[in-house]
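Going by this note's numbering, 16 is the number at position 16 of the sequence shown; the sequence numbering is gapless.
Wrong hints could be hidden among the right ones.
[Unchecked claim] FRET-style restraints, in silico, Cβ to Cβ:
1. Gly-13 / Glu-48: 23 to 29 Å
2. Ile-42 / Cys-12: 17 to 23 Å
3. Gly-47 / Cys-12: 27 to 33 Å
4. Thr-31 / Ala-54: 15 to 21 Å
5. Asp-58 / Cys-12: 15 to 21 Å
6. Met-1 / Ser-64: 14 to 20 Å
7. Arg-65 / Leu-36: 17 to 23 Å
8. Asp-35 / Met-1: 17 to 23 Å
9. Thr-31 / Gln-6: 16 to 22 Å
10. Gly-21 / Glu-48: 16 to 22 Å
11. Glu-48 / Gln-6: 17 to 23 Å
12. Asp-9 / Thr-33: 14 to 20 Å
13. Gly-29 / Glu-4: 24 to 30 Å
It should be emphasised that the hints constitute simulated quantities derived from the structure, not laboratory data.
From the three backbone atoms N, C-alpha and C, an ideal C-beta is built for every residue, glycine too.
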Amino acid sequence: MSIEFQVPDMTCGHCVKTITGAVTQAAPGATVTVDLPSHRVIVTGAGEAAAIEAAIRDAGYEPSRV
1 MSIEFQVPDM
11 TCGHCVKTIT
21 GAVTQAAPGA
31 TVTVDLPSHR
41 VIVTGAGEAA
51 AIEAAIRDAG
61 YEPSRV
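Please put together the full structure from these sequences, using the hints given.
Here's what the structure looks like:
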């Protein structure tokens, strides 16, 4: 199952690294795919979408589920 988020305030490689780290810490074993130009984060193999969204928010970003 994949969970997709729009993260409009993700703008650079540092953002990608921060979000990827936060998601993998919240959902060990999940695969994180980031499309920076479209500000999309796709998480595959994760549990609850709410936990992933909370991890991204805790990292300082404003995700919305797509």
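Which hint numbers does the structure go against, in order from smallest to largest? The structure conflicts with hint 13 only, although it agrees with all the remaining ones.
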